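Visitor: Which chain is which? The protein sequence lines are D and Y, in order.
Using this note's numbering, the letters of the first sequence map in sequence onto residues 1 to 434.
Using this note's numbering, the letters of the second sequence map in sequence onto residues 1 to 782.
Take the hints with a grain of salt, since some may be wrong.
Said to hold, decoys possible - Straight-line distance between alpha carbons at most 30 Å, and here's what the computed DSS-like set of lysine-lysine pairs gives:
id, chain 1, residue 1, chain 2, residue 2
1, D, Lys330, Y, Lys3
2, Y, Lys7, D, Lys330
3, Y, Lys312, Y, Lys384
These are calculated hints, taken from the structure and not from any lab test.
Predicted, not measured: the structure shown is a model, and the values here were computed from it.
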Amino acid sequence: MKKPGNFLYRMSLIFIGLLIVFLIVLVKSKGAETFWTNPLFLYYTILVTSFELSRVVGAMLYNNRAFKKFRKKHGGIEAPLDWYEPTVSFVIPCKNEEVSIEKTIRKSFAADYPKEKIEVVVINDGSTDNTIGVLRNLEREYPRLKVVDWKVNKGKRHGMAEGFRLSTGEIIVQLDSDSYIDPNTFRKLIEPFGNPEIGAVCAHADPENGEENFLTKMQVAYYFVSFRILKAAESTFFTVFCCSGCSSAYRRSVVMPILDTWLNERFLGLPVTWGDDRALTNWVIKLGYKTVYSDEARAYTICPNNIRQLMKQQVRWKKGWFVNSMFASKFIWRSHPFVAFTYFFPLILITLATPFLAVSALVYHPIANGRWPLLYVAGVFLVTALITVYYRYIARENKYWPYVFAWSAMNMVVLSFVLFYALATIQNRKWGTR
Amino acid sequence: MDKHINKTKRIFLAIIVALVVMMAGGIFIIRGSNVMTRNNFNRHYSYFKYLMMLEKDEGNLFASVSSSVTGLVTIAVSGNGDRGSDPGTVTSIPVLLYHGINNDGGKYDTAPEVFWEQMRAMKEAGYETLSIGEFENIMNGKHVPDGKKFLLTFDDGRMDSYVGADPVIRALGYSAVMYIASNNSLKKNGPHSYYLGFMELDDMLKSGRWEIGSHAAQSEGDAVVTDAEGTRLEFLSNKKWIEEEGNPEGGRIETDREYAERVKDELGGSRERMEKALGVKVASFAYPSSDYGQRAKNNPGAQYVISEVIRKEYKMAFQQVWPEDNAYTLNYPGMDMFHLGRIETPGDWSGEKLVSYIRNAEAKSFPYSEQFSGESFWKSSWGKVAVEDHALKIEAGTTTAGAVAMLDGTYGWKDYMYAVSVDRQKGGYVTLYSRYEDPSNHISCVFGGGRVRINKRVDGEDFLLKDDKDPVKAPDGIISLGISADGPRIGCYEGSVLVSSTTDETGFNPDQGGIALQVWDESIGNAAIAVRSLQAVHISESAALLDILPKYALLPVPKPVVVRAAPAKPKKSIVTAVKVFDISLKDKSGKPSPYIVNGSGIRSVSSDSTNTPGIWITGSNKMDVGGNAATLSTVPPFVSASSILQGGFKWADYEYVADITLGISSKVSAVGRYANSNNYIACEYMDRGSWVMLIHVKDGQRRFLGGDQDAAALSRPFDDIDRQVGMRAIGNTISCVGQGGSEIVRAEVPDTPKSGTIGMKVYAETPGNAAVHIKKAVVTPL
């Protein structure tokens, strides 16, 4: 870990970080000047910036040893860490995945874990390609592979529920059909469960196809930021709101009692077809368990490589975020007041308000007043730069950091508006990934 | 575990609170200062840009600076011997005015690069800036500057002029004065605002490069609504419209008191607020729109009110001077400190043009001569004036009866003689002005109509000092004319012949001023002269000049005019020049009896006429009797005419009422308690008499004692109504009266002349345009 020049590298990053904080203050003060007539705006910019800085601070306070070291103190199992080896079931719903399902299954069985404690349950959710053929072949190879073959597509949530019911492991690892967990880091995903208060663990996911094109490179940077910084910041308070569907583990004893409730969840009278992972995690939180993110458990997934798919994915995620935020907001302020008021509610406010400010700064003012949105853009990019500095600080080897800016630009002009599209089409419950 | 989380929460909260406090604090601190504004960045950036440009041309600049320094040394050495006695080495200080420095290209905008080029040219020409204090000392004659100096000023307190000009003056080591309106600038304006705010002003003052002057408060902007229709006029000189409920006309215009209070606040209030807010003394004022009252439309007393207040509140005040007016371009010690002129530098002038413009206007020294080739140093606001074909051509325009040309740079001259050779092409009268301070103050010799007259004008009032028959047989074609002024002695020359002379002992003659030439004729567009050469010498050299002037033969006259080198017996004034006699206001039995002059009884006479009782004597004007009225009117180039009644000098308490109709004049004055031309009381009826002012002229200075705007209008000739004007004087109580002797305005005047005769004056801005018809005048003893 210690490289020559590492100290200098980190010191210069700290210096740059401080400089950026100063510049942010400067830009905000300029913005505040222009909008002096509207003090609310000033308070809002301070709120937004503080919020964004608080995410970085939260990530800085993230410590993956934290959820392990309390095992002995509070946990029921006194054995050393390595000896905590509960039985594990992989649950993988899939549809038309003849290309990638084999790799997912093979990687699952290859996990650095006692083979007899691993089982894999695959639900073929009405695939119209040769997925079932692939599965049947693998079934012969791996006796601990259970295949459920549905001729008719029932939806991911049903697939997951079915998998949960059929599985037997103490810990259920839920994978997307195109993602897998690095076998060598598999134990890191299970380890936190040694602490009985922890109900779900989220692995760190990276796109596997990151090198493919500009869009995927951007997503590598985006994944890193949203996992290693945003989820890590949530994990600092043991309240990760979304253990992402591509690679998360749940304690069986926690999720089984609410499985039917979760499965039959409705929003505005229709079944919810997206945000399954988020919904499940929220249930875990509601039940009083802690949810964490492990940066050591590494998972890989396939990310959309074209705009259309990316947009569809984003729309789905936004819908899921919105529906589940509504759900969580009913209880979170009572059960987790600190997280609710330092993170959860500010996030909702900012996510909903940002598009309006973006429209005002990027469209309205340039047209109506001829005022270029220099300050707004500078503010956005300075915060991005600060995040990037931290990115560089914790992952010097990750070469995708410049794409954080590209993602930020795209977020500013496109993605923040997707929320409105998502809300407008919230009654469209089609899944639509690809 | 929860303990751990709680600890983490505390740490997190502490960091976030610290961050928020730091950020919000930082935002407020930075927001509260203008250190990090784009304007400031531009200022500093431009400063370094200009420094680099200077650096690049350093060799060049250094060479030119050193050469100009050498030039100065040479001048200083050559002028060393007789600097004090040589009136030619008069100081003249240019004051430059800019409004905006930006690329908008408007009328009041100068592009930054143009401003840079102009200032750079000034620097290279050796000009350095003055502070207001230094300028004041020079103007007061307390300090003689070494080297070329100028004052740089900016009006309106505009942000762009500060941002655009500051780097330039900083790079060149200059300083400037910013004239701000207290209503626009004494607040915390944002960095993007049009006007400078408190923060910038503070910075400017701290920089040492800027001083602040007042551009009035401009509480209602630069114009006020003046009538029910919403007409907007200059705020300082016009009375504003006040809407009133219940008033059948919807409102009224300000009363005198309200107007005076407003002027006091605009001038004095703005100064006080600036001094309080900025902690500096504000000594100078710049008239917004160059309006010192002369632009009044509904308020003839404006100039008096403004003049009175400004002299109380400030040490100096600036107006604008344009190439096409008849004011001296530069400022000279001894000038009226409240009508100093500023050059409104056009945004399309090159630096070279600016420097040559200033050089042309700079003080001229003796001996001065011109053959009229090349550049013109002459200014004109009336008629056509041009230097061409080796002559100064002065011609009446198509709508003017004459033309006048003033030699710029001669204000500082005192005692001198000059002669011109004039080709009299058209027109009857040629006037040589001397001691020409401004159009309202000068002395002159008027040649024409077989006569030579010596006139003087003080504060716009004309006095004929001498009127002689022209004794010289003038040659055809080119004639040499001259005028000399030596203290109170004034002489007019044709060739080397002194054709008229007088000594003006009133003590209020203009004691300094330069040269102007005028041609005039009774008919429009029929006057033209071509001046071939001009020679001016200090009075001590006049003998040498006379030597080279042509010697004309005298006309054969019954009594030859005796031409003497020294003027004839000094006379005290035009009044004392006339033998005093008295008209009694008592009848034979000793009872008080009114004295009546009816129209046909009024006769026109000139000042040297016989002293017959009961007639009017007139100054530089004419008095015609026709029908049953006497008409008092001006003769171009004069703008006013006056006439007094001989024989009334011992009258003390009386009522004087005259039946008049007005010609096209802007004001007519009933004069009473007239002791001499410098001490009398006047009731001035302006705006057709609807505005009446009581004026006390004491020792030649006019004092405004009171006024009323609601008087009944006087009639025009076509109105066919007689109106009455006049004055009632009882002891120190003086009233102006209107119809039937009704009192319009009254004032206690402790220092009034205790006795004095009556008179009538008429005035109009356009020469020859004033006339009043007097039908009857009645003086009733009280």
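Visitor: So, for every hint listed, does it hold in this structure?
Guide: Okay, the hints, checked on the actual structure:
With a CA separation close to 26 Å, the supplied pair D:Lys330 and Y:Lys3 stays within the 30 Å bound. Straight-line distance between C-alpha atoms of Y:Lys7 and D:Lys330 comes to about 26 Å, which keeps the hinted pair within the 30 Å bound. Of the supplied pair hints, the one linking Y:Lys312 and Y:Lys384 is violated, its CA atoms being roughly 40 Å apart against a limit of 30 Å.
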